[in-house]
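Student: Chains as they are written, first to last, in my numbering: chain P, 1 to 426; chain E, 427 to 799; chain C, 800 to 1048; chain Y, 1049 to 1356.
Incorrect hints may appear among the rest.
Stated by the list, open to error - With a straight-line cut-off of 27 angstroms between C-alpha atoms, the simulated DSS-like cross-links for lysine-lysine are:
1) E/LYS646 <-> C/LYS806
2) Y/LYS1233 <-> E/LYS570
3) P/LYS279 <-> P/LYS250
4) C/LYS866 <-> C/LYS986
Stated by the list, open to error - Output of the computed footprint for chain Y on chain P, the stretches with three or more beta carbons under 8 angstroms from beta carbons of chain Y:
5) 44-53
6) 148-154
7) 245-259
8) 270-283
9) 412-425
Unchecked claim - Here are some, though not all, of the chain E residues that point toward chain C, as calculated from beta-carbon distances under 10 angstroms:
10) ALA454
11) GLU541
12) ASP669
13) SER672
Simulated from the structure, these hints should not be mistaken for lab results.
Yeah, the Cβ is synthetic: ideal placement off N, Cα and C, and Gly gets one too.
Spelled out, the chains give:
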Amino acid sequence: MTDESSKKPNQSQSTGMNRRAVLAGGTALTASLFMPKNLMAADYPTAEVNTTGLAVTDDTVTIGILHSITGTMAISETGSVQAEKLAIDQINAQGGILGRKIEYIQEDGASDWPTFAEKAKKLLVNDKVASVMGCWTSASRKAVLPVFEQYNGFLYYPTFYEGLEQSPNVIYTGQEATQQIIAGLDWVSETKGAKTFYLLGSDYIWPRTSNKIARKHIENFLGAKVVGEEYYPLGHTQFNSVINKIRLKKPDVIYAIVVGGSNVAFYKQLKAAGIDMTKEDPIVLTISVTEDEIRGIGGENIEGAYACMKYFQSLTNENNMEFVKSFKEMWGDDMVIGDVTQAAYLGPWLWKAAVEKAGSFDVDKVRAATPGIELGTAPEGYVKVHDNHHLWSKTRVGLAKADGQYDVVYETAELVEPDPFPEGYQ
Amino acid sequence: MKTNTLFPRADIIGFAVLAVVIFLLLPAVLDSFRLNLFGKYLTYAFVAVGLALCWGAGGILSLGQGVFFGLGGYCMAMFLKLEASTPENTAIQSTPGIPDFMDWNQLTALPWWWEPFYSLPFTILAVVMVPVVFAFVIGVAMFKRRVGGVYFAIITQAFAAILTILIIGQQGFTGGVNGITDLRTLWGWDIRTDEAKEILYYVNGVLLFAVLFAAQFVRKSKLGRLLIAMRDQEDRVRFSGYDVASFKIFIFCLGAAFAGIGGAMFTLQVGFMSPTLVGIVPSIEMVIFCAVGGRLSILGAVYGALVVNWAKTTFSESFPELWLLGLGGLFIAVVMLFPNGLAGIWSEQIAPRLTKLISKNTNPATGQGAPAE
Amino acid sequence: MNKMNDKFLLRVEGLTVSFDGFKAVNDLSFYVEPNECRVIIGPNGAGKTTVLDLICGRTKATDGSVKFKGQELLEMREDQIVHAGVGRKFQTPSVYEDLTVFENLELSYPKGHGVFGALTFKRDEAVKSRIKEIAATIFLDGMLEEKAAYLSHGQKQWLEIGMLLIQDPELLMLDEPVAGMSVAERKKTAELLNRIIKDRSVIVIEHDMGFVEDIATRVTVLHQGKTLSEGSMERVQNDPKVIEVYLGH
Amino acid sequence: MFADYSMSELGAIFAMQGFAGLILFSVFVLMALGLAIIFGQMGVINMAHGEFMILGAYVTYLVSNFFAAFLPGIFGIYFFIAMGLAFVVSGGLGLFIEWAMIRHLYKRPLDTLLATWGLSLILQQLYRSIFGAREVGVTIPDWMMGSLPLTDLIEVPINGIFVMVLAVGISVAVYVMMFRSGWGKQVRAINQNRVMAGAVGINTEWTDRLTFGIGCGVAGVAGSAFTMIGSTGPTAGQLYIVDTFLVVVFGGAASLLGTIASAFSISQAQSIMEFFLSGSMAKVLTLLTVVGILMLRPQGLFALKLRK
């Protein structure tokens, strides 16, 4: 990162905070957020809440949704679109934001990064949207980032990703790599006594960076060993060779960050090769398989694997029960909800909270109001926006079951601090 | 003798109309965002013009033009990235002064082959020469051994696949799947502002015309007629004493050079370069631009690139879930119903009627040429 | 090299080609003198066309040697063979249908054959007058601006012959030049050929015996890839082996 | 490279990699056979080949759902029915496409490439509209998802064996059809001389349509089989297209034996390289080698030297 926007945050400020205090404050806030605030548009004249010419009228505010509806990424991004629309509907049902109903303009990034940049520019320049919910892959985010910074847009980005970025124009509602990785590795090392790891991934930046962090943590903090690291091209469907290697190296843990269609091939072939994940020899630990992916893989083919992320559909807290119910009501009973889908759902809500705190739709004011925003209603539980635009969140480990759901077997006691530029891991 | 003059009257009209469209009409009716979009479409037109020569005239169908587009674009992006990665801008990195993605991948020094890209003249040379050298190597290997037609198409397609995997896999050197992003200035001139984009649009237009003139010169030279001759009767050309391979290599390299320039202009106008522009899908789409415009026509190729991309954008804005159906249908329709594309519709349907109207005493043999032919 | 005092313009020695074991031409030898008109005859499948293909480089020989003015043709590319002075006409007329008669002839004009040469080739007066001259020879002087696609079959054959003439080859190889022509065209072609074979060597494949008798200096009869008989028309016609092959099957 | 492993491990490596290579070989054969018929015998470049395969996969998905819902008792054998149906559905679509599109383009082989690319876009969007953008999970009968342990290091996946048997079976069937049946004779006759074949009374129109249909049908069966090892989504077909074409071209387009030989050599090379290099580099090197050899020998591994 290169401009002043991406200077490393002052870490002492946030790490010094008493986490228990944060939690306590959160619970109190939960109650207040459940009450729809009856903010009337009349209390907030358009001229005052919108001084930069955004698409805000006396009774509506327009935002953008920018995901791939076509192309290879449509598989993954569909859930995010659905969650964002659900959140918008719910917000509108509660009276909207500052008395204004949210309208959205949806654009298709078509799994093509230049198209993402083009559509982002269209949303910001032509449509003057007040904020954008969008992107999924890092590549698409990197493509739109200069556009958002140039035209001062505001993006809510839902995916867990590799970190190494912190833009004043992006709120990262998914976990950055250290949040997602370290807790899981600690857990597998402590409870399962894992000593040897085999790192595997699709060949692009997120798996590579994540495995880099994992390797540092395994070698420097856990005192364990990495016995293999391997990458396959995106879309690769033949994993017999790497499965053979794994069998020879006999690692305690296969740490898999395979994505997309490769995922399906990998787990099917792993099972067919006689590696029964339920026997935990070796343990399969992944950070890339959400409930969404399991639909393609087939629950019976991944049963027994562990996934490490911040959200699972099976979470039993009240917020989540309500969220799952509404999601299924809106999109059908056969829907499943994965980590990213939930993170996408947070986007409109976080924006709403920030706008209301700022009392304005102006991006600069919303940005200023954003750090410290808390959301007690999040399906994953309480979250809070860090100064570095990422979320404090808990990390959980789930055990995959044959029905395609995860049993949550572990969750961090406290919120994990986001640290997009982790020292000692680079 | 119409074929001996560089610009028959119909072609002059065609060039003039296109110049009016690009330099006057589009800037007049489009806002700066849309104009920038059309600038992007026009970068594909460079590729399409090259394809009109290679494929339309010479019968060489390359499904790997994205490779050359990408190479040109990456050369430009490397220069811009180095300029953006000043030690001050990258102070927070472990190794300041190198591109951010290198730092993320634990590179501690700039690879040697990045060094020359500090120089703009070298970069401009590389934008043209890297694709040309690459095309030359492929061309020599294939055409000297008389690989042609379908085989050539499939092998070039494989090159597109190989280069994509390589770029993605070597992310420390290439930026991987993200590409090279966040490009800011060209010799201190901020290319992200609206004014800069407008200027780049015109630069792009001028370069496109330079390329079109070069293409027209080739088409109207004996070499142009040889290409057509080769396409129809390769053996006869050989037995008229021509080394067919060297002509194919030449035209393939020329197409690659055009594509490289297009790629560089793409990088400048869009602000990044990524492997999605190198792969199989964009390479085939570039062929489609050419086919829709009319594979025999260099001007048609430009219109093809504009029309297809404009349709793609419009379709995907209004019917995001259906635009693939429209696009697929367009391909099939063009191939089945209008094999000579827009230029064919013009020269077979519209132009003859126009000519009849305008000049009744023109000799039909010379009057049939459409601007787009 | 005894290029200068070689009595033969073309020496074909031990020429052999096999396609997956089938020997289409088998250890064939023959010699052509300057200004000779050699006619090759033989039943279908005898390997006649293959012999021409081998000489002009279209098919690669398995074994043997083809020397033209002392140069080994088997090691040369087609275009180099053309530049050495060998011209070839195909059995089916092969002309550039999308180009005009003028352009067809122009492309065969022996100048500007490199990439750069072709780019900078100028259609000057010398070129134009030479093309007109050739067009007159091949009866097409009124049709210079026609697209070749619109010519009749016979006219296309003439055009291809014209494309060879403009190269002025020392050795001209013609594969069935009168096949598929009308009687009138055939007569005109015979007349044309008689005129152009005067100052060069010619190898002709032909079935029409009357026509062969008209033009042949010497005749080679091929059978199953080998020379069955060789000599004057008269000698060949009376060779019992030839009679057996042609009549006895 | 070898130093990390003991002798017995090395033995196991080669045994297992050989087997992995054989599975990959079978996968390539299945992918390429349909294309080899269409491209080799008809000269048509079917860029929608991958989409025909995915159609077979979706058919398998539907059949598996049907059995799970209505005939759970015989779920174990649904796969065979699904494969048969995949052949019929993909083949049927193939017949229709030949009639509607391909037959108008026989004289323009490069244009078939463009038109079928358009077709592939349309099919992708149709799959997306019908089945959703997400991948669908195809439940495979349990007996097909296990493995047979040979030694403690070497295990043989049953679905791998299944794919192999299928590859052999379909290869034999195609061979018999092409070289032992009257239809095959007609196809080959048309391939060699369309006009003459028509003149001697072969119904070239129907033979073409049937050839294209059978090629697509075989693709459908392959897609059905791949539900065991790969993913089923609207765009999954594109993953296969480059590999498939290279296998066919590398083998020498007109030769079935060549296709099989080329599938064998590419798969073995790739699986051996995959073991010693990282997956991405192995893929790049394999592709480069194939392309390099094709440049030296453009006619492919097996091609008749023909008299022109």
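Student: Determine for every hint whether it applies to the structure shown.
Tutor: Against the structure, the hints come out as follows:
1. E/LYS646 <-> C/LYS806: Answer violated: E/LYS646 to C/LYS806 is near 45 angstroms, above 27 angstroms.
2. Y/LYS1233 <-> E/LYS570: violated, 35 angstroms
3. P/LYS279 <-> P/LYS250: This hinted pair holds, its Cα atoms lying about 14 angstroms apart.
4. C/LYS866 <-> C/LYS986: Not OK: C/LYS866 and C/LYS986 at ~34 angstroms, beyond 27 angstroms, violated.
5. 44-53: Since three or more residues must qualify, the claim that chain Y covers the segment 44-53 of chain P is violated, with 0 doing so at under 8 angstroms.
6. 148-154: violated (count 0)
7. 245-259: holds (count 3)
8. 270-283: Coverage by chain Y holds for the segment 270-283 of chain P (4 residues, Cβ < 8 angstroms).
9. 412-425: With 0 residues close enough to chain Y, the hint is violated.
10. ALA454: violated, 38 angstroms
11. GLU541: violated, 33 angstroms
12. ASP669: holds, 5 angstroms
13. SER672: holds, 5 angstroms
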